[in-house]
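Please build the complete structure, drawing on both the sequences and the hints.
Heads up: the sequence lines are chains A and B, in that order.
Each residue of the first sequence is one higher than the one before, starting from 1 at the first, in my numbering.
Each residue of the second sequence is one higher than the one before, starting from 1 at the first, in my numbering.
Rather than coming from a laboratory, the hints here were simulated on the basis of the structure.
Bear in mind that the values here come from a model prediction, so they are computed numbers and not experimental data.
A few of these clues could be false.
[Said to hold, decoys possible] Cross-link-like lysine-lysine pairs, in silico, DSS-like; alpha carbons within 25 Å at most: (1) A:K51 x B:K52; (2) B:K30 x A:K56; (3) A:K51 x A:K64; (4) A:K51 x B:K30.
[What the hints assert, rightly or not] Going by beta-carbon spacing under 8 Å, a handful of chain A positions derived as facing chain B: (5) T34; (6) W46; (7) N49; (8) V60; (9) Y94; (10) Y99; (11) P103; (12) H104; (13) M107; (14) D108; (15) G111; (16) G113.
From the three backbone atoms N, C-alpha and C, an ideal C-beta is built for every residue, glycine too.
Single-letter residue listing:
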Amino acid sequence: VQLVESGGGLVQPGGSLRLSCAASGFTFSTSWMTWVRQAPGRGLEWVANIKPEGEKTYYVDSLKGRFTISRDNAKKSVFLQLNSLRVEDTAVYYCARQYSSSPHYGMDVWGQGTTVTVSS
Amino acid sequence: SLELTQPPSVSVPPGQTVSITCSGNQLGEKYISWYQLRPGQSPLMVIHQDDKRPSEIPARFSGSNSGNTATLTISGTQALDEADYFCQAWDGTTVVFGGGTKLTVL
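This is how it looks when you write it as structure tokens:
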């Protein structure tokens, strides 16, 4: 059971990035998926959730309109599109699986994280 | 909206028991998960559904949740338990994390 993120990097303020998370070892198409970030010296911050078929998405209010979560079940991947990036978006971004296909039970599998640095 | 409050830090001598609290309105009506976060590592779920341990988590980790407070308890604390701990809940439309508690084993 594994999640592997990619796509992070250095970007200028106002720029965009697309993060990817490849899943293996479990039935991806029945799993709720999540993005969480941790800014330097800060705690964990939830970013977004997506239901198994991608039919519904959920976002933290502060990021609505700039970030978009999506998935491709055929490729066993979940994505996070980051637009209009700001310095304060600098963080390690983790994707995670919601345990037992429910958002009530927490996140039991985490990727290694991908680092996004927003700086001029 | 739901807010989860944790003490910023707690300390414990090796071998002793420590409890980390997580407070929120009517928290006992929601499931709480707990995560351990060591520097440079990914978060690790140590408790889910209030009091259930993933198979790989040692039995010294336990959890409870009632009223407005959830509690993570570590018995026989070891040096390797030194880390940040975060509580988390789902309020129906959003995932909420507590601010985190830094556990020092001294």
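Here is how each hint holds up against the structure:
1. A:K51 x B:K52: 24 Å, holds
2. B:K30 x A:K56: 22 Å, holds
3. A:K51 x A:K64: 17 Å, holds
4. A:K51 x B:K30: Holds. K51 of chain A to K30 of chain B sits at ~20 Å (cutoff 25 Å).
5. T34: 7 Å, holds
6. W46: 4 Å, holds
7. N49: Cβ of N49 of chain A sits 7 Å from chain B, so the hint holds.
8. V60: 7 Å, holds
9. Y94: 6 Å, holds
10. Y99: 6 Å, holds
11. P103: 4 Å, holds
12. H104: 5 Å, holds
13. M107: 6 Å, holds
14. D108: With Cβ-Cβ at 5 Å, under 8 Å, it holds.
15. G111: 7 Å, holds
16. G113: This hint holds: G113 of chain A lies near chain B, its Cβ roughly 6 Å from the closest one there, short of 8 Å.
Going through the hint list in order, the structure satisfies each hint without exception.
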